[in-house]
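**Q** Spelled out from the first residue to the last, the chains are:
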Amino acid sequence: MSKFRKKKKGMPAVNTAALPDIVFMLLFFFMVTTTMRETDLRIENPRLPAATEVKKLEHKSLVSTIYVGKSKTPEKHGQSFNRIQLNDKIATADQVPAFIINARSKVSEAEVPFMTTSIKADREANVGTIIDIRLKLRDVNALKLSYSASNSSGDN
Amino acid sequence: MARRDTPEINAGSMADIAFLLLIFFLVTTTMNVDSGVSKKLSEKPPPDYVPPIIKEKNIFEVNINRNNELLVEGERMEIKDLKDAALKFIDNGGGIGKVEEGVATGPCNYCKGERSDKSSDHPNKAIISVQSDRLTEYGTYLRVQNELLRAYSELRNRLSMERYKVPFAELEEAYKENRDNEGLKRRVEDIKKSYPQIISDAEPTSN
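As they're listed, the protein sequences go chains A and B. Under this note's numbering, residues 1 to 156 are what the first sequence spells out, in order. Under this note's numbering, residues 1 to 207 are what the second sequence spells out, in order.
So here's chain A without its partners, still in its complex pose (with noise of 0.2 Å):
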């Protein structure tokens, strides 16, 4: 009996040698996905513009974003709010349809019609800007848009 309570006294502490290791997993798993998407921006980051009646964006696969704004190399593309930036490079409005085919291509027919495009503009951007580009959306009926903007909910 003596014998038995002898081996009672020192409590086995649990091992918790992995628990690092799946922190860890979980810690990489997280720093890789967070830095995977997002094109570089060529532009500097556009100020979106604030409003209330915003609606989410579904679906990411099926949204292309054309960004509007301030160029990051102003002695290359001068500091007017206008240049576009499509997949990497900046571009101009003459080269939407040919992105937007290309954004089509990759994927299934039947998703086409859903495909939104998402207009990421500064503030300071001109109208005339944003309407060259959707008249070329429309040339290849890409009608879907989606005019990016913060919401601001609450106020004003």
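Wrong hints could be hidden among the right ones.
What the hints assert, rightly or not - Okay, derived cross-link-like pairs now, DMTMM-like style, lysine to aspartate or glutamate, Cα gap no bigger than 25 Å in a straight line:
1) Lys88(B) x Glu100(B)
2) Lys192(B) x Glu58(A)
3) Lys39(B) x Glu53(A)
4) Lys40(B) x Asp132(A)
5) Lys56(A) x Glu182(B)
6) Lys98(B) x Glu114(B)
7) Lys112(B) x Glu56(B)
8) Lys44(B) x Asp139(A)
9) Lys55(A) x Glu173(B)
10) Lys44(B) x Glu203(B)
Hints in this document: simulated from the structure, not taken from any laboratory. The structure presented is a predicted model; accordingly, all values stated were derived computationally and were not measured.
Keeping the supplied structure of chain A fixed, place chain B upon it in accordance with the hints.
**A** Same frame as chain A, now just chain B:
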């Protein structure tokens, strides 16, 4: 002689460090949910397209000049007053609605406007036309669009509360989650049809 154990390095706090890093990354990463003002473009008209003739009183004209100033129906206006002006125009209900699929919609019996014969006949006839200059700032343009949409959502909301006792946003949300529900679908369509969003963009002015 006492037997000595080799001392183990205490790795207990390792998890704490890792957790700290994990939480830091979790907090700082913005899973930026894209949101925006959605808009459906009209299809490209055929070359021989003749625009229909629309009565002047059914058009609500909004002009934005290059100094980001607003001209609404020929009068200067601040953006903050635009919503109420648009709301008044849409909700006027001065005449009879258009004929949809062979069914005359008749006078607007849910409108609470002034029923003046100088303003729109029916929400489904009321057209808001936005004309801006090429040099107008995009921020202003979007604010105007937003104010106009706010007018529509306020009206839809009011009608939805009256008919179904729920805000329109909730009705839409419920429908989104349950697309097969015919009853919900009918309600959403009913509200949308009662106050259709007709905002057209006129050719911009330049110079």
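**Q** Could you run down the list of hints and mark each one as holding or not?
**A** To see whether the hints hold, each was checked on the structure:
no. : hint                 : verdict
1   : Lys88(B) x Glu100(B) : holds, 23 Å
2   : Lys192(B) x Glu58(A) : holds, 21 Å
3   : Lys39(B) x Glu53(A)  : holds, 11 Å
4   : Lys40(B) x Asp132(A) : holds, 16 Å
5   : Lys56(A) x Glu182(B) : holds, 24 Å
6   : Lys98(B) x Glu114(B) : holds, 19 Å
7   : Lys112(B) x Glu56(B) : holds, 21 Å
8   : Lys44(B) x Asp139(A) : holds, 7 Å
9   : Lys55(A) x Glu173(B) : holds, 11 Å
10  : Lys44(B) x Glu203(B) : holds, 14 Å
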